Amino acid sequence: MIPFDTFIIVIGAITLAVVMAIIRIVRGPTAPDRVVGLDTINTIVISSMVLFGAAYNQVIYIDVAIVYALLSFISTLFIAKYLEGGKF
Amino acid sequence: MSIVDIIIYIFFSIGIFFNLLAGIGLLRFPDVYTRLHAGTKCTTFGSIFLIGSVILIGFRSWYFGSTDGSVLAIHSIVALIAILLTNPTGAHAIARAAHRSGVEPVNAVIDELKTKTKTKSQSDKSAHNKKPEVGK
Chain H
3 MIPFDTFIIV IGAITLAVVM AIIRIVRGPT APDRVVGLDT INTIVISSMV LFGAAYNQVI
63 YIDVAIVYAL LSFISTLFIA KYLEGGKF
Chain L
10 MSIVDIIIYI FFSIGIFFNL LAGIGLLRFP DVYTRLHAGT KCTTFGSIFL IGSVILIGFR
70 SWYFGSTDGS VLAIHSIVAL IAILLTNPTG AHAIARAAHR SGVEPVNAVI DELKTKTKTK
130 SQSDKSAHNK KPEVGK
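Residue numbers (my numbering), protein chains in the order written: chain H, 3 to 90; chain L, 10 to 145.
Read the hints as simulated data drawn from the structure, not as lab findings. These numbers were taken from a predicted model, which means no experiment stands behind them. All C-beta atoms in this analysis are idealised placements derived from N, C-alpha and C, irrespective of residue type, glycine included. Just so you know, not all the hints are guaranteed correct.
To be verified - For each label pair, taking beta carbons as the anchor points, the in silico distance ranges come out as:
#  : chain 1 : residue 1 : chain 2 : residue 2 : range
1  : H       : 28        : L       : 83        : 37 to 45 Å
2  : L       : 14        : H       : 24        : 28 to 36 Å
3  : L       : 72        : H       : 33        : 47 to 55 Å
4  : H       : 10        : L       : 111       : 38 to 46 Å
5  : L       : 94        : H       : 8         : 23 to 31 Å
6  : L       : 83        : H       : 3         : 15 to 23 Å
7  : H       : 8         : L       : 120       : 40 to 48 Å
8  : L       : 93        : H       : 8         : 19 to 27 Å
9  : H       : 47        : L       : 127       : 35 to 43 Å
10 : H       : 18        : L       : 94        : 25 to 33 Å
11 : L       : 117       : H       : 11        : 25 to 33 Å
12 : H       : 79        : L       : 14        : 56 to 64 Å
13 : H       : 28        : L       : 14        : 17 to 25 Å
Just chain H, same shape as in the assembly (with noise of 0.2 Å):
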């Protein structure tokens, strides 16, 4: 079996690549440099949640994790529209 501690050390590992996306996100130049830093940050979020789902052995954090999947899909959709400044 894995152990527990392994999960929280790849977790931890993943959480350094949203430290990055969030300094990205405060010095971005543009707007879109922001959504491209918080797109990443919603993807590495999604696959720590399935882990987190796996350590504790609770599979409601991963029906959790598709809904958040799919609203931070649709949220990203927005943003990229408005900034398109189009007619929705």
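With chain H's structure known, arrange chain L on it following the hints.
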């Protein structure tokens, strides 16, 4: 340590490596479009391996007689399909919005999409100018 454990550890390492590459690429690349390559493709590839390791864990505990393992594996497959469908679509929308809102690629020699849209808008404008002449 069985061979499935070794495969799961290899999947964990590949996932960590590519997610960290995504973060480094977001910091180091000079441009929106290149950052989009790093931030979207690398996280998709890393998430495939991280969620794939969870799917392997679920299938293994299903094989040893636990029904919780089947639920874990199948829900993880649904989450993986959601990521695979939504992530490239969102990246395409961001790239199109960035190009239409006027963000220029750094160090680009030629921008074919820009010239194409410019000639299209010019032809539209000439057609629009021709209309009153036809009315005369």
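Against the structure, the hints come out as follows:
{"no.": "1", "hint": "28/H <-> 83/L: 37 to 45 Å", "in the structure": "39 Å, holds"}
{"no.": "2", "hint": "14/L <-> 24/H: 28 to 36 Å", "in the structure": "33 Å, holds"}
{"no.": "3", "hint": "72/L <-> 33/H: 47 to 55 Å", "in the structure": "49 Å, holds"}
{"no.": "4", "hint": "10/H <-> 111/L: 38 to 46 Å", "in the structure": "44 Å, holds"}
{"no.": "5", "hint": "94/L <-> 8/H: 23 to 31 Å", "in the structure": "29 Å, holds"}
{"no.": "6", "hint": "83/L <-> 3/H: 15 to 23 Å", "in the structure": "20 Å, holds"}
{"no.": "7", "hint": "8/H <-> 120/L: 40 to 48 Å", "in the structure": "47 Å, holds"}
{"no.": "8", "hint": "93/L <-> 8/H: 19 to 27 Å", "in the structure": "25 Å, holds"}
{"no.": "9", "hint": "47/H <-> 127/L: 35 to 43 Å", "in the structure": "40 Å, holds"}
{"no.": "10", "hint": "18/H <-> 94/L: 25 to 33 Å", "in the structure": "27 Å, holds"}
{"no.": "11", "hint": "117/L <-> 11/H: 25 to 33 Å", "in the structure": "41 Å, violated"}
{"no.": "12", "hint": "79/H <-> 14/L: 56 to 64 Å", "in the structure": "40 Å, violated"}
{"no.": "13", "hint": "28/H <-> 14/L: 17 to 25 Å", "in the structure": "40 Å, violated"}
Violated hints, listed in ascending order, are 11, 12 and 13; each of the other numbered hints is respected by the structure.
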